[in-house]
Each structure stands twice: as C-alpha cells, then as structure tokens.
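Visitor: Residues per chain are reported as follows:
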Amino acid sequence: AQSVAQPEDQVNVAEGNPLTVKCTYSVSGNPYLFWYVQYPNRGLQFLLKYITGDNLVKGSYGFEAEFNKSQTSFHLKKPSALVSDSALYFCAVREMNTGFQKLVFGTGTRLLVSP
Amino acid sequence: DAGITQSPRHKVTETGTPVTLRCHQTENHRYMYWYRQDPGHGLRLIHYSYGVKDTDKGEVSDGYSVSRSKTEDFLLTLESATSSQTSVYFCAIRGQETQNTEAFFGQGTRLTVV
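Residue numbers (my numbering), protein chains in the order written: chain A, 30 to 144; chain B, 274 to 387.
Everything labelled a hint here was simulated from the structure, so no lab data went into it. Keep in mind that a hint or two might mislead.
Said to hold, decoys possible - Coverage of chain B stretches by chain A, computed from C-beta distances (three or more under 8 angstroms per stretch; other residues unrestricted):
(1) 339-347
(2) 374-383
Said to hold, decoys possible - Pairs of lysine-lysine residues, derived as DSS-like cross-links and limited to a Cα-Cα distance of at most 27 angstroms, are as follows:
(3) 326/B with 131/A
(4) 131/A with 106/A
(5) 330/B with 78/A
(6) 326/B with 343/B
(7) 98/A with 131/A
(8) 87/A with 131/A
(9) 51/A with 106/A
(10) 131/A with 343/B
(11) 98/A with 51/A
(12) 78/A with 51/A
(13) 330/B with 131/A
(14) 87/A with 106/A
Model, not experiment: these values are computed from the prediction. For glycine and all other residues, C-beta sits at the position ideal for the given N, C-alpha and C.
Turn these sequences into a full structure, and let the hints steer you where they fit.
Guide: Structure below.
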C-alpha cells in the first residue's frame, strides 16, 4: 500500500534562511508526488508535483522539491524563507499504473518562519 | 480557487442525527473525493467517485455514505453522527484521465458533533 511519512511535526526557520520540509514515501511502483500548502481556515493549495523527468521540480511561491528515488524522498525546499510561508505543508503520493487515482497524504508539517 | 463549493462551511449537530455535506463543482471534473482532516492524521480518504453513480470506499468509510447523481454534486452523509466524526471535511476534484494531474480542494466544512 502507498504511504507517506513527514517525520517532523514542525519546522522552525528564521526569515531569509533556507528551509527544508522532509517527505519520504512508499509505493510498489513508480510514484507521482505532490506538495500542498494549507493556510489557516483554508483548503489545500497545490504547490508542485513530480511526475517524471528532472529530479528538481520548481513550483509556486519560489518552492522547489527534489525527488530522490534511491532514498524514496521528496523534500520541499526554498532558498530564502518568508514569514508569509508559515503554514501547514502536506506531501502526497499517487502510485502510477493503479486502477484508481488514490492520493495518500502525510500527516503534515507545520512551518514557522520567524522574523 | 478551482470551482468547488462546499456547504455548509460550519455545522454543529447532535449525536445521532443525520448530516449531509455537499460538494458542488463547476469544472465538469470526473473525479471527486471526500477527505477528513484531523490533527496527527493529516488527510484521510473517506469516499471517492469516478463518475455519476460510481463511488467507492476510502480508508475511513465506516459511518459515512456518499451519492453522486450529477457530475457536479458529491454528497457525503453521516447517517447517525458520532463525536468521533467531529472533524474538518474537504472535498477535492480532479479532471483528467491521466494520473499526473493534481487535485483541487474546497474550503472545507467544519463539523462539530456534540
């Protein structure tokens, strides 16, 4: 079965510093990987996805993620954090070539960027 | 936001009463999903639909039923609400047949069962 692990409940970073939010996954086939962000009292917003091709994927708001097949990881990164990046981040995986497009989410990581 | 509307946005109900949440989309997307969000659990899939009258169970379907009589509407029903169903419920939609498209989420419905 598909699964996603986000090992950190919270990540704290100072504004202007680089940030990393970790995600590892488990699937039996090749994965489609996604990052979503949730601001307070809002739904989830799509940030970026990995389907195939370059291991470094660029997305919205200056975020990027690096796919590492050998480590089964898809960490979210940003070179310089902003206070406005503070939110809840979810990693999700969907397995290729399955009969149904089930999207499985991690438990979320709260990012807190301090001024 | 994509054309997804969830109603109601907030609801307080008593244990044992039936509750129906509605998800309405204007995108004509094929796939629709209901998730619940709880602290420490992330988002968990309750039910999903892959077409009109085509639905199936997700990982936490007990106590819930769904219906999809039209492409644009996906209803989630709690037949007899329990306190454990207090949660935030999200509807999501996805349009394409290929697997590489992302899902879009509604604003959520906060349900409190007292």
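Visitor: Indicate, hint by hint, whether the structure satisfies it.
Guide: Going through the hints against the structure:
Under the rule that three or more residues need a Cβ within less than 8 angstroms of chain A, the assignment of the stretch 339-347 of chain B is violated, with 0 such residues. Residues of the stretch 374-383 of chain B with a Cβ under 8 angstroms from some Cβ of chain A number 7, which satisfies the need for three, so the listed coverage holds. Of the pairs offered as hints, the one joining residue 326/B and residue 131/A holds, with about 18 angstroms between alpha carbons and a cut-off of 27 angstroms not exceeded. A distance of roughly 25 angstroms separates the Cα atoms of residue 131/A and residue 106/A; the hinted pair therefore holds under the 27 angstroms criterion.
Distance hint between residue 330/B and residue 78/A is fulfilled; the C-alpha atoms sit about 25 angstroms from each other, no more than 27 angstroms. Taking the CA atoms of residue 326/B and residue 343/B, the gap is about 8 angstroms. The hint holds against a cut of 27 angstroms. Our distance criterion of 27 angstroms between C-alpha atoms is met by residue 98/A and residue 131/A, whose separation comes to about 20 angstroms. For the proposed pair residue 87/A and residue 131/A, the alpha carbon gap of about 23 angstroms is at most 27 angstroms, so the pair holds.
Simply put, residue 51/A and residue 106/A have alpha-carbon atoms about 9 angstroms apart, close enough for the 27 angstroms limit, and the pair holds. Using a Cα cut-off of 27 angstroms, the hinted pair residue 131/A and residue 343/B holds, with the two alpha carbons roughly 21 angstroms apart. Between residue 98/A and residue 51/A the CA atoms are separated by roughly 14 angstroms; this keeps the pair inside 27 angstroms, and the hint holds. Between residue 78/A and residue 51/A, the direct Cα distance comes to roughly 15 angstroms. Compliance with the 27 angstroms bound is thereby established for this hinted pair.
Annotation: proposed proximity of residue 330/B to residue 131/A holds, straight-line Cα distance about 11 angstroms (limit 27 angstroms). The hinted pair formed by residue 87/A and residue 106/A meets the criterion: a straight-line CA distance of about 10 angstroms does not exceed 27 angstroms.
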